[in-house]
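A.B. asks: Each chain is listed here by its residues.
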Amino acid sequence: EADIYQTPRYLVIGTGKKITLECSQTMGHDKMYWYQQDPGMELHLIHYSYGVNSTEKGDLSSESTVSRIRTEHFPLTLESARPSHTSQYLCASSVQGNSPLHFGNGTRLTVT
Amino acid sequence: QKEVEQDPGPLSVPEGAIVSLNCTYSNSAFQYFMWYRQYSRKGPELLMYTYSSGNKEDGRFTAQVDKSSKYISLFIRDSQPSDSATYLCAMSRGTYKYIFGTGTRLKVLA
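Chains as they are written, first to last, in this note's numbering: chain A, 1 to 112; chain B, 1 to 110.
Just so you know, the hints here were simulated from the structure itself, not pulled from any lab data.
There may be inaccurate statements among the hints.
What the hints assert, rightly or not - Pairs of lysine to aspartate or glutamate, EDC-like flavour, derived with a Cα cap of 16 Å: (1) 2/B <-> 59/A; (2) 107/B <-> 15/B; (3) 17/A <-> 63/A; (4) 97/B <-> 42/A; (5) 42/B <-> 3/A; (6) 97/B <-> 59/A; (7) 42/B <-> 38/A; (8) 18/A <-> 63/A; (9) 42/B <-> 83/B; (10) 2/B <-> 42/A; (11) 97/B <-> 56/A; (12) 31/A <-> 56/A.
As the list claims (entries may be wrong) - Pulled from the structure, derived: some chain B residues nowhere near chain A, Cβ distances all over 12 Å: (13) 11; (14) 28; (15) 70; (16) 93.
Claimed, not checked - Restraint-style ranges between C-beta atoms, simulated for each label pair: (17) 77/B <-> 16/A: 45 to 53 Å; (18) 73/B <-> 69/A: 37 to 45 Å; (19) 67/B <-> 71/A: 32 to 40 Å; (20) 54/A <-> 54/B: 30 to 38 Å; (21) 10/A <-> 67/B: 37 to 45 Å; (22) 95/A <-> 29/B: 19 to 27 Å; (23) 86/A <-> 77/B: 35 to 43 Å.
The C-beta atom is built at its ideal place from N, Cα and C for all residues, glycine as well.
Based on the provided sequences and hints, a complete structural model is requested.
C.D. replies: Below you can see the structure in the form of structure tokens.
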């Protein structure tokens with residue numbers, strides 16, 4: 001059973017809307033990550049965080065922002081959703097940089 | 001060229017078969033190797049985690065790392081229909097950056 005929770009599980013919204021994808025973990029992990037997953041493609045890192053008030057951009061960070069005010073919470077915000085944002089978004093956490101990642105069950109986003 | 005190559009499958013095997021899943025990689029700096037199982041509409045679930053070269057066994061699963069050949073494998077013994085999923089390999093140099101394969105779809109037929 002996952003100790004990392006993502007909401008909503010599914011979201012359909014119109015172009016131009018601002019959305020926030022929620023991610024919370026109960027394991028006390030310092031490191032948290034957002035990945036984008038498309039069918040048949042490898043996972044791409046969007047943002048990561050080393051700890052509270054520490055965030056860095058990944059490979060696909062454009063047009064999205066994150067915050068880390070509390071250890072357990074790492075929300076991802078899209079300021080203006082576009083159809084190209086349609087994808088599955090996975091949140092993950094780890095104890096440290098070489099530890100295995102623990103994933104949530106994802107948010108499947110569709111932008112119409 | 002991708003840093004990690006993984007055959008997408010699909011791979012179909014009869015129940016009880018031994019399954020071999022593989023990834024090759026190009027960056028010799030990778031030290032940490034992982035295998036994840038992902039069911040449809042779920043997040044990846046960690047199966048195996050190994051450091052450097054060698055073998056690791058956990059129940060029906062065995063992970064092998066051959067750093068000289070830049071090749072990792074996951075073996076599943078006595079495969080079950082419940083093993084039907086997509087299997088992702090992943091590797092890291094020990095920093096925040098994890099590189100994933102594209103996943104292999106496995107179907108175990110009852």
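A.B. asks: Among the hints numbered above, which are violated by the structure, and what are their numbers in rising order?
C.D. replies: Hint check: 16 fails alone, others pass.
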